[in-house]
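**Q** Go by the hints and put chain B onto chain A.
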Amino acid sequence: MTDEIINEKKPEVNKEKRKINWEAFHDKHYIKLMFIPIVILILALIYLAVFYFANGDIMHKDITLTGGTILTVNVNEKIDTNKMTSFLESKLAGKDVSIRTMKNIYSGNQIAISIESNADSDLIKKAVEEYGIKLEEGKYSIEVTGSTLSKSFGKELLIAVAIAFIFMAIVIFILFRVPIPSLAVIFAAFTDIIVTLAVIDLLGVKLGTAGIAAFLMLIGYSVDTDIMLTSRALKGKDSGLKLNTRLFSAIKTGFMMTWTSIAVTLIGYFVLVSPVLKQVFLILSIGLFVDLIATWLGNLSIIKWYCKKKKIN
Amino acid sequence: MWLYLAVLLLAIISIAPWGYVNKGVEISSIDQNLSQETGLSQGDIIKYVNGDEIKNLEDYSNVINKIFSSEGEKRIEVKTTTKEFVFLSTSIPEIVVKDIEKTKIRTGLELKGGARALVKPEKELTDQEMINLLDLTRQRLNAYGLKDVQIKEASDLSGNKYMLVEIAGATPSDLESLIAQQGKFEAKIGNETAFIGGNKDITSVCKGDARCEGIRECNEITEGYSCRFEFGITLSGDAAKKHASITSNLSESIENPGYLDQKLDLYLDDILVDSLLVSIDLKGKEATDIAISGPGYGVDEQEAYDNAQDNMRKLQSILITGSLPVKLEIEKIDSVSPILGKEFTRNILIAALIALLVVGLSIFIRYRKLKLTLAIICMMLSEMIILLGILALFKSNIDLAGIAGIIASIGTGIDDQIIMVDSAESHKQYSVKERIKRAFFIIFGAYLTVLVAMLPLFTAGAGLLRGFALTTIIGMTVGVLITRPAFGDIISKITKD
Numbered sequence: 015m016t017d018e019i020i021n022e023k024k025p026e027v028n029k030e031k032r033k034i035n036w037e038a039f040h041d042k043h044y045i046k047l048m049f050i051p052i053v054i055l056i057l058a059l060i061y062l063a064v065f066y067f068a069n070g071d072i073m074h075k076d077i078t079l080t081g082g083t084i085l086t087v088n089v090n091e092k093i094d095t096n097k098m099t100s101f102l103e104s105k106l107a108g109k110d111v112s113i114r115t116m117k118n119i120y121s122g123n124q125i126a127i128s129i130e131s132n133a134d135s136d137l138i139k140k141a142v143e144e145y146g147i148k149l150e151e152g153k154y155s156i157e158v159t160g161s162t163l164s165k166s167f168g169k170e171l172l173i174a175v176a177i178a179f180i181f182m183a184i185v186i187f188i189l190f191r192v193p194i195p196s197l198a199v200i201f202a203a204f205t206d207i208i209v210t211l212a213v214i215d216l217l218g219v220k221l222g223t224a225g226i227a228a229f230l231m232l233i234g235y236s237v238d239t240d241i242m243l244t245s246r247a248l249k250g251k252d253s254g255l256k257l258n259t260r261l262f263s264a265i266k267t268g269f270m271m272t273w274t275s276i277a278v279t280l281i282g283y284f285v286l287v288s289p290v291l292k293q294v295f296l297i298l299s300i301g302l303f304v305d306l307i308a309t310w311l312g313n314l315s316i317i318k319w320y321c322k323k324k325k326i327n
Numbered sequence: 042m043w044l045y046l047a048v049l050l051l052a053i054i055s056i057a058p059w060g061y062v063n064k065g066v067e068i069s070s071i072d073q074n075l076s077q078e079t080g081l082s083q084g085d086i087i088k089y090v091n092g093d094e095i096k097n098l099e100d101y102s103n104v105i106n107k108i109f110s111s112e113g114e115k116r117i118e119v120k121t122t123t124k125e126f127v128f129l130s131t132s133i134p135e136i137v138v139k140d141i142e143k144t145k146i147r148t149g150l151e152l153k154g155g156a157r158a159l160v161k162p163e164k165e166l167t168d169q170e171m172i173n174l175l176d177l178t179r180q181r182l183n184a185y186g187l188k189d190v191q192i193k194e195a196s197d198l199s200g201n202k203y204m205l206v207e208i209a210g211a212t213p214s215d216l217e218s219l220i221a222q223q224g225k226f227e228a229k230i231g232n233e234t235a236f237i238g239g240n241k242d243i244t245s246v247c248k249g250d251a252r253c254e255g256i257r258e259c260n261e262i263t264e265g266y267s268c269r270f271e272f273g274i275t276l277s278g279d280a281a282k283k284h285a286s287i288t289s290n291l292s293e294s295i296e297n298p299g300y301l302d303q304k305l306d307l308y309l310d311d312i313l314v315d316s317l318l319v320s321i322d323l324k325g326k327e328a329t330d331i332a333i334s335g336p337g338y339g340v341d342e343q344e345a346y347d348n349a350q351d352n353m354r355k356l357q358s359i360l361i362t363g364s365l366p367v368k369l370e371i372e373k374i375d376s377v378s379p380i381l382g383k384e385f386t387r388n389i390l391i392a393a394l395i396a397l398l399v400v401g402l403s404i405f406i407r408y409r410k411l412k413l414t415l416a417i418i419c420m421m422l423s424e425m426i427i428l429l430g431i432l433a434l435f436k437s438n439i440d441l442a443g444i445a446g447i448i449a450s451i452g453t454g455i456d457d458q459i460i461m462v463d464s465a466e467s468h469k470q471y472s473v474k475e476r477i478k479r480a481f482f483i484i485f486g487a488y489l490t491v492l493v494a495m496l497p498l499f500t501a502g503a504g505l506l507r508g509f510a511l512t513t514i515i516g517m518t519v520g521v522l523i524t525r526p527a528f529g530d531i532i533s534k535i536t537k538d
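Protein chains in written order, with our numbering: chain A, 15 to 327; chain B, 42 to 538.
No wet-lab data here; the hints were simulated from the structure.
Treat the hints with care, since some could be wrong.
Stated by the list, open to error - DSBU-like mimics (lysine-lysine), calculated; alpha carbons at most 30 angstroms apart, straight line: (1) K220/A <-> K153/B; (2) K474/B <-> K266/A; (3) K92/A <-> K368/B; (4) K143/B <-> K117/A; (5) K383/B <-> K292/A; (6) K193/B <-> K148/A; (7) K109/A <-> K97/A; (8) K139/A <-> K64/B; (9) K165/A <-> K193/B; (10) K292/A <-> K145/B; (11) K474/B <-> K153/A.
Unchecked claim - Now the stretches of chain A that chain B is said to cover, found in silico as 3 or more residues with beta-carbon under 8 angstroms: (12) 157-171; (13) 183-192; (14) 225-234.
Claimed, not checked - Not the full set, but computed from the structure, chain A residues with beta-carbon under 8 angstroms of chain B: (15) A38; (16) T86; (17) N88; (18) Y154; (19) S245; (20) S263; (21) M270; (22) M271; (23) W273; (24) I276; (25) I281; (26) S288; (27) V294.
Each residue gets a CB set at the ideal place from its N, CA and C atoms; glycine is no exception.
Okay, chain A solo, but in the shape it has when bound (with noise of 0.2 angstroms):
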């Protein structure tokens, strides 16, 4: 068994019956492991499906895949959004409007509010003034989607990570040129998109056209590890080292670049002002760390079980 650690160069005792037992673990559970996400998969489904039956759309949207509006203007003092909400709910009868602030991320100050409603915007912005916070021309910023544009913009940002999805498989099986290693990556993209907008429903996030567009890059993130995996563990095989080494060789470098990922993306959330990003972030974290399950349990385990069956070792 030692000969299979090659990466540490001075293993000791302690450190070796670690590695080992971790190996021997693996070798024992991995068919467990795959139906982690498997399982995962379907509760996403699950609640995706009783999610479309309550509310007749996969997910919730905001107003640039609705139609509507969405004023946002800097503010000196603080506003308590609450109130103003209340107040232009009464103004824009029987319209929905909800109010974002966004903050200073040292002194934790708004520095602006943003306004969402599907009411007119000239009316909006009637309200807004009537509240007490003038517009000056240049100092705010107005967003207005037409809901029929909108509409169609939200179907074809979808179709457009459905051709998405289907050329990347695609291109998959053309790397690869073997079945069940590339459905392997596959499914583990799908879960990743699957069980990464489940969560973003259950946050109750509004998603807009920039996160949808999130959702493809997902598609990018998701597959390189995937790929970096299955390449390691088909193509390795004529370098002598058992499959265990190639594969534990390959979470380390895949742990390492989902992580730069995450640290990056998760930077990105907390620190960015714009609503905008910030949710194209918060898509890609929730994404990265559903990627680690779906890659290191689901397709870690087909792999090594299609390796074993197939006598690549």
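**A** Then chain B, alone, in the frame of chain A:
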């Protein structure tokens, strides 16, 4: 390796960060007549005015205000980077200047401030009609005084055609009507049309000349204030003849002695803007100089004045360019305040810096090699520089989505480098080159999947996320073709040591 260094150098040249050392102000727009008279043109960099050095915008306005602090004709000497110009002027010359761009990197709407509108024609247009529409819209916006405007056609997956208008910098609040108003202008006397907007009937419109345009009077009315604007236009011979033949049949008004009994009604898109009394002297005369007027309202006098001014400029622009060929519907209009944009840019730079530090630290902790850590950080930075250089070269705007794209490509860049380092450190029975070659299979595979995943975004949703797709693709291509091979050379050297 040499390719990498050459590309890096070219990228820096393309970004051209000379703005940090150069001083002066750039002419962002100049009145056409003044340009012909003086020889100054848009894009010229002003270095000196009347011998005073101009370092920035503030210097320029100080010097100009000093010159025109007293009445009378002034001699102005302007020295640009290439030439010297001298001209005389009685009023502050109509030159709009801005600080020189620090670099050639173009920041998009969300970062610089500005507006973007996605407009859908009510009926399907032929290619020629679309070109006409884009042309007219550009002319109209330019006539209004908006110079930094980009107008292009966009389409989506379902084949709908749109017009995409992007305006940089501060934008007028009534941009919607300026873009989407069809602008069918008609001047009617009774039921007969005397003349319409556009250069067939109207040969010139007075604009920017206080002698023939301005806000003439402001009055208090029941609900606030009302101001009236007035500006002169010149009719073509044919329009003047028509005007004459209509008025020749009219007689003097009983209620308003000295005027004709029918008013000149001005309609914009079939809505009455103003009714003008026509002097009895003009009866049957081929008058070519006509004054057009209209109102502006507000809660106080200032607001009414500003609104009248806005309405005047809008009407002038519409009269100069005529009406659009179709009715338009604004599907999406975003306008971002430049102040908020500045805040975003600063915030993004800080986040990038923290991310760089954390990634660098993680890599150092994992590999415990300073040289390697520095090499990876250098590669990340140079990849970003090359990407920005390419974007600057193609004059593509970097918006929020584009920044997400940059981060995506840098992120995969780090991933790839980790794969390469790990491959180089293991499988010692092969040469370093062979190991890196194996790493390239993975890198290239990952690259291809992202590339194809980004393709649908080029047309989906009228291409509004194209910037994101484009930066991601360019960034990753640069990585795979240029920086990754260079990094391979670097690790070969480091691992040999």
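**Q** Each of the hints needs a verdict: does it hold here or not?
**A** Hints, one by one, checked against the model:
A C-alpha spacing of about 26 angstroms is found between K220/A and K153/B, which places the hinted pair at or below 30 angstroms, so the restraint holds. The straight-line distance between the Cα atoms of K474/B and K266/A is roughly 22 angstroms, inside the 30 angstroms bound, and the hint therefore holds. Distance hint between K92/A and K368/B is unfulfilled; the C-alpha atoms sit about 43 angstroms from each other, more than 30 angstroms. Between K143/B and K117/A the alpha-carbon distance is near 28 angstroms, which keeps this suggested pair within the 30 angstroms criterion.
For the proposed pair K383/B and K292/A, the alpha carbon gap of about 17 angstroms is at most 30 angstroms, so the pair holds. Of the supplied pair hints, the one linking K193/B and K148/A is violated, its CA atoms being roughly 34 angstroms apart against a limit of 30 angstroms. Restraint check: the Cα-Cα separation between K109/A and K97/A comes to about 16 angstroms, which is no more than 30 angstroms; the hinted pair holds. For the proposed pair K139/A and K64/B, the alpha carbon gap of about 41 angstroms is over 30 angstroms, so the pair is violated.
Between K165/A and K193/B the alpha-carbon distance is near 22 angstroms, which keeps this suggested pair within the 30 angstroms criterion. A hinted pair counts as satisfied when its Cα atoms are at most 30 angstroms apart, and K292/A with K145/B qualifies at roughly 27 angstroms. Straight-line distance between C-alpha atoms of K474/B and K153/A comes to about 57 angstroms, which puts the hinted pair past the 30 angstroms bound. For the region 157-171 of chain A, the stated coverage by chain B holds: 11 residues have a C-beta nearer than 8 angstroms to a C-beta of that chain, and at least 3 were required.
Counting residues of the region 183-192 of chain A whose beta carbon lies closer than 8 angstroms to any beta carbon of chain B gives 4, which reaches the threshold of three, so the coverage claim holds. Given as covered by chain B, the region 225-234 of chain A passes the check, having 6 residues with a CB less than 8 angstroms from a CB of that chain where 3 are the minimum. Restraint check, A38/A versus chain B: the minimum CB separation of about 22 angstroms is more than 8 angstroms; hint violated. A hinted interface residue such as T86/A counts as satisfied when its beta carbon comes closer than 8 angstroms to some beta carbon of chain B; here the least separation is about 6 angstroms, so the hint holds.
Using the Cβ-Cβ criterion of 8 angstroms, the hint placing N88/A at the interface with chain B is satisfied: the shortest such distance is roughly 6 angstroms. Taken as an interface hint, Y154/A checks out: its beta carbon lies about 5 angstroms from the nearest beta carbon of chain B, inside 8 angstroms. With a least beta-carbon distance of about 5 angstroms to chain B, the hint placing S245/A at the interface is held under the 8 angstroms criterion. Annotation: interface hint on S263/A holds; nearest CB of chain B at approximately 6 angstroms, less than 8 angstroms.
At its closest, the beta carbon of M270/A sits 5 angstroms from a beta carbon of chain B; the interface hint therefore holds under the 8 angstroms criterion. Of the supplied interface hints, the one on M271/A holds, with its beta-carbon coming within about 4 angstroms of a beta-carbon of chain B, less than 8 angstroms. Annotation: W273/A was flagged as interfacial toward chain B, and the flag holds, the nearest CB pair being 6 angstroms apart, inside 8 angstroms. Using the Cβ-Cβ criterion of 8 angstroms, the hint placing I276/A at the interface with chain B is not satisfied: the shortest such distance is roughly 10 angstroms.
Look at I281/A: its Cβ gets to within about 5 angstroms of chain B, closer than 8 angstroms, so that hint holds up. Nearest Cβ of chain B to the Cβ of S288/A: about 5 angstroms, under the 8 angstroms cut. The hint holds. A least Cβ separation of about 5 angstroms between V294/A and chain B falls short of the 8 angstroms threshold, and the interface hint therefore holds.
Hints 3, 6, 8, 11, 15, 24 from the earlier list are contradicted by this structure; the remaining hints agree with it.
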